[in-house]
Amino acid sequence: MDKSTIICRCEEISYEEIEEVLTNGATTFDDIKRLTRCGMGPCQSKICHSLVASMIHEKTNTPYFQIPLPRMRMPLSPIKLETLATNSTSFSSVKSVMDEVELEDGKVR
Amino acid sequence: MDRSYETIIIGGGVVGSSIAYHLSEQTKEAVLVLDQKFPLSGTSGSTQAWVWVHNKTPSWYAEFSMYSAELYSYLSKKIGDVEFKRTGGLSPFFNEADREKAVRLAEAYEQIGIKIKVLSREEALEKEPFLNPDVVGATYSAIDGNVNPFRLVDRYMRAAKKNGVQYSTYNKVTEIQKMPGKFIVVSEKGEFSCKNLILAGGTWSRELGKLVDVNIPINQLRGQILVTEPLKPFLNYTISGLRQAFNGEVLIGYSMEQEGFNRATTLDVIQETANMAVHYVPSLKKAKVVRAFSGIRAMPEDGFPILGKIPGVENLYVAATHSGVTLSPLIGTLMTELILEGETSIPIDRYSISRFAK
Amino acid sequence: METDILIIGAGPAGLAAAFEMASKGLDVTIVDESITMGGQLNQQTQVIPSLPSSFQSMRGFELAAHLTKQLEEYDIRYLLGHRVIGFYKDGSVGITDEQDVFAVKAKKIIVATGAAENAVAFPKWTLPGVMTIGAAQTMINRDFVQPGKEAVIVGSSDFALDAALQLSEVGVHVKGFIEKNAGILSRDLEKIEQVKKMGIPIYLDSFIKEARGMGAVEEIEIEIGTRVLTEKVDLVCVDGGRSPILDIFYQLGCSFGYQKELGGWVPQYNHQFQTDRQDIFLAGNAAGISTQGVLLVTGMLAGINVCEAVGAITKTIADEEKDFLWKELEILETKYNPNIWEARNRHMENFAHPVIKEQFLS
Amino acid sequence: MHIQHHPILGGQLHKPVTIYFNDQPYKAYEQQTVAAALMANDIKRLGLSRNLVQPRGLFCTRGRCCSCYMTVNGEDHVRTCMVKVEEGMKIYLNDEDPDVRREFCGD
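Going line by line, the protein sequences match chains A, B, C and D. Residues in the first sequence are numbered from 292 upward in steps of one, following my numbering. Residues in the second sequence are numbered from 16 upward in steps of one, following my numbering. Residues in the third sequence are numbered from 21 upward in steps of one, following my numbering. Residues in the fourth sequence are numbered from 81 upward in steps of one, following my numbering.
Be aware that one or more of the hints could be misleading.
As the list claims (entries may be wrong) - Here are some chain A residues the structure puts well away from chain D; computed CB gaps all over 12 Å: (1) D293; (2) I297; (3) E302; (4) E303; (5) V312; (6) I338; (7) K371; (8) T377; (9) K386; (10) G397.
Stated by the list, open to error - Quick list of in silico lysine-lysine cross-link-like pairs, DSS-like style, CA-CA up to 25 Å: (11) D:K95 with B:K247; (12) A:K386 with C:K280; (13) B:K301 with A:K386; (14) B:K130 with A:K386; (15) A:K350 with C:K109; (16) B:K52 with C:K211; (17) B:K193 with B:K100.
Quick caveat, the hints were computed from the structure, so don't treat them as lab data. Keep in mind the model is a prediction, meaning the values are calculated, not measured. Glycine is no exception: its CB is placed at the ideal position from the N, C-alpha and C atoms.
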């Protein structure tokens with residue numbers, strides 16, 4: 292394949308860029324993703340993952356069943372923040388920085 | 016691959032790779048980094064990557080963080096562009112009780128020469144016009160910023176490799192034997208020997224410590240982070256809780272859960288994080304979230320870095336910390352000094368693992 | 021919101037499962053991102069070969085209508101135009117209508133998310149006018165839009181042949197098939213004959229060397245052995261095969277195994293079409309890419325297994341129905357794709373030994 | 081081109097609607113998605129890629145690839161293969177990253 296061919300449509304990562312990190316030790320889709328941004332765009336690797344799996348297979352001779360799936364993430368496809376938000380102002384797991392500043396006798400701990 | 020090294024570093028994350036790089040700048044002796052997976056597959060690849068001093072307490076820890084933050088400006092010149100931006104850090108608050116904390120924090124910092132400004136509502140909105148107008152005020156520090164964590168570790172790794180450091184990835188260490196004058200490190204891909212051994216296992220430090228009968232009291236703390244699609248640049252500062260990356264994505268999150276090594280995300284926390292985002296910056300309402308991820312942070316039992324020699328075992332070192340991104344340039348520098356010269360330019364006694372023995 | 025059963029996906033398998041369960045008195049909710057039921061059947065205008073014995077021969081969109089109609093007499097909750105975005109800590113499913121997100125607590129879930137088309141990359145495949153064969157078929161048969169005037173098809177599967185024939189019927193000039201392998205992938209001799217009669221060339225051992233065009237594809241270079249052929253086209257339909265859609269299984273923490281014949285990675289499941297997350301069942305293409313008739317039977321089987329699991333029917337009745345359906349499944353699948361049937365059995369035998377498991381434990 | 085007479089399904093396009101692409105009116109039919117209706121009017125380029133500034137258009141029609149992102153009725157990054165046309169809909173190209181817009185927030 293022509294080396295300039297785009298593999299990841301979203302982030303426009305080329306065959307050549309993926310090839311480079313494969314020769315630099317990356318072996319899984321997620322390794323490639325973190326080093327090149329391949330698969331990090333809005334489609335979240337839905338389109339490129341099979342193309343990348345073929346590349347890993349060809350370049351590293353890894354059988355397909357040993358090439359793990361890319362990590363799939365919520366919210367599965369893009370969603371507006373206001374749709375996710377519930378307008379609640381009570382937080383349990385989410386903190387603010389000031390929550391972590393503790394005062395003791397009127398002084399910072 | 017060679018089997019004998021001067022130094023072996025277990026863990027190729029931001030801390031391990033920084034040590035490898037800094038060490039390789041100072042010595043030509045052989046260095047090997049072992050990683051059970053691949054650098055960035057753990058904590059270093061799942062972070063907002065603030066370079067953050069701002070609200071670190073107590074002040075001596077803030078000072079330590081500040082020294083590291085200062086090193087970032089030079090780092091890009093040495094290892095390449097890591098998209099470091101000293102944006103300044105802004106911590107908005109929405110009630111008067113927090114203003115009291117902010118004022119006390121600023122006072123405490125003044126004594127060590129870190130300037131924290133407590134901004135009024137108007138000042139905060141002037142600096143960051145997209146903040147919620149209901150904001151009461153904010154603390155501001157010019158020293159804070161952020162960095163691209165993927166680039167950071169990749170550049171550390173590439174620079175280290177260029178200097179001759181070897182990496183062995185997807186190679187879990189299963190056993191460590193202490194022999195006179197050397198360590199035998201047994202891994203899935205065979206045995207290696209070395210004079211110096213550095214444990215930089217991050218969240219896995221406790222497990223690594225067990226291999227040498229040392230208690231490294233590091234626990235896991237899960238943080239869930241949302242990432243939006245790229246937006247035109249509109250946020251000026253690293254806001255405690257969210258920041259806009261070079262490519263326009265906004266990273267949002269400040270959650271803490273104790274879930275061990277479970278990296279799942281949950282809608283409970285994702286929605287809470289969305290609430291925080293629209294509370295801080297209401298204009299984000301229409302922005303779309305493209306992904307949510309969890310990072311397992313390394314959290315020392317008392318919150319402070321565990322650095323230096325492990326007492327009683329010659330040439331055995333540990334570097335395990337929270338805030339690894341902020342502290343990596345300094346930890347890399349100091350550990351290099353410690354290994355090559357036996358002492359450090361900035362005292363790290365306070366961070367010795369021996370403090371837990373008391 | 022609470023429901024006995026949540027079915028994710030209103031395609032053939034999901035609807036077949038819904039019928040089995042609703043007809044046995046279960047409280048069923050179906051969620052689908054589309055506002056129409058029937059999934060990909062809606063744009064299938066060809067006659068579906070080999071349906072289960074209880075079905076008459078019909079076209080894809082007619083089958084969609086039939087499956088929808090047979091649910092009419094039951095009180096099923098439809099969440100159309102809704103999609104699953106993830107899961108809460110307590111296992112509830114997070115569903116959105118793009119306005120709000122709400123939680124659905126289900127006793128059992130059947131995931132029937134179907135298949136996605138794989139891409140084929142070549143220089144400038146990102147140009148407008150280059151689309152999947154499924155996309156082209158959707159344009160002509162669902163939206164009634166001609167996506168181009170002159171087309172080539174990359175691939176030669178049954179699916180590619182159907183799409184080419186249908187494109188021709190609406191007036192698109194199909195200028196050829198470009199197949200990278202040395203032989204035609206489709207085994208449907210009748211359709212191959214039809215294509216040949218129409219004078220559409222099938223280029224074997226060939227690929228697109230490059231696409232060109234300013235705002236959209238205008239021209240392609242086809243490399244055929246040592247020869248390069250330049251064709252003016254404004255539509256390139258790519259067929260990279262199909263794979264199960266896995267993101268929901270992944271989020272649920274289900275395990276996976278690899279079977280090339282089933283489309284690659286497939287959630288691990290047993291003879292009950294149950295994943296290793298006990299409350300999660302699956303059906304349809306998500307359980308391995310197969311033909312429409314088979315997809316329906318997997319849906320029925322999943323439905324009956326769920327009925328049995330929640331006590332809506334006795335084991336004796338369930339066993340009887342399942343025996344019958346498994347026989348039907350074997351007949352339908354071995355008729356066209358004996359290798360898929362074998363792979364499916366291998367996959368089920370591997371239930372206790374998944375390749376990917378505990379994906380969230382770092 | 082709209083297919084007025086489908087060889088198997090016959091004439092199905094009954095309810096025309098007017099949509100506005102770049103403020104110009106175009107004819108569409110009720111059951112069509114935005115991306116399909118534009119394609120019927122020979123509009124195939126729906127946006128530009130972020131980095132290399134290359135044309136993008138409909139690719140998967142399943143809401144997966146996001147190549148058909150456009151701005152529809154003021155909302156950025158709408159997957160136009162998943163949204164049906166409505167009378168008077170205003171559609172613009174997705175040629176650059178969205179701005180956050182304070183006017184939406186009502187504050």
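How the hints compare with the structure:
1. The Cβ of A:D293 lies farther than 12 Å from every Cβ of chain D, with a closest approach of about 15 Å, so its non-interface assignment holds.
2. With a closest Cβ-Cβ approach of about 8 Å to chain D, A:I297 is found to fall inside the 12 Å limit, against its non-interface label.
3. Some Cβ of chain D comes within 12 Å of the Cβ of A:E302; the nearest lies about 7 Å off, and the non-interface call is violated.
4. Not every Cβ of chain D is farther than 12 Å from the Cβ of A:E303; the closest lies at roughly 5 Å, contradicting the non-interface assignment.
5. For A:V312, the requirement that its beta carbon stay farther than 12 Å from each beta carbon of chain D is met, with the minimum near 17 Å.
6. Look at A:I338: its CB is around 5 Å from the nearest CB on chain D, not clear of 12 Å, so calling it non-interface is violated.
7. The beta carbon of A:K371 is not kept farther than 12 Å from every beta carbon of chain D, the shortest such distance being approximately 8 Å.
8. For A:T377, the requirement that its beta carbon stay farther than 12 Å from each beta carbon of chain D is met, with the minimum near 17 Å.
9. A cut-off of 12 Å between C-beta atoms confirms that A:K386 is not in contact with chain D; the least separation is 24 Å.
10. Interface exclusion of A:G397 from chain D stands, the closest Cβ pair being 35 Å apart, more than 12 Å.
11. Between D:K95 and B:K247, the direct Cα distance comes to roughly 39 Å. Violation of the 25 Å bound is thereby established for this hinted pair.
12. A distance of roughly 46 Å separates the Cα atoms of A:K386 and C:K280; the hinted pair therefore is violated under the 25 Å criterion.
13. With a C-alpha separation of about 23 Å, the suggested pair B:K301 and A:K386 falls inside the 25 Å cut-off, and the hint holds.
14. Note on B:K130 and A:K386: the hinted pairing holds, with a Cα-Cα distance of about 24 Å set against a maximum of 25 Å.
15. A threshold of 25 Å between alpha carbons decides the hint, and for A:K350 with C:K109 the separation of about 40 Å lies outside it, so the pair is violated.
16. Taking the CA atoms of B:K52 and C:K211, the gap is about 49 Å. The hint is violated against a cut of 25 Å.
17. Note on B:K193 and B:K100: the hinted pairing is violated, with a Cα-Cα distance of about 43 Å set against a maximum of 25 Å.
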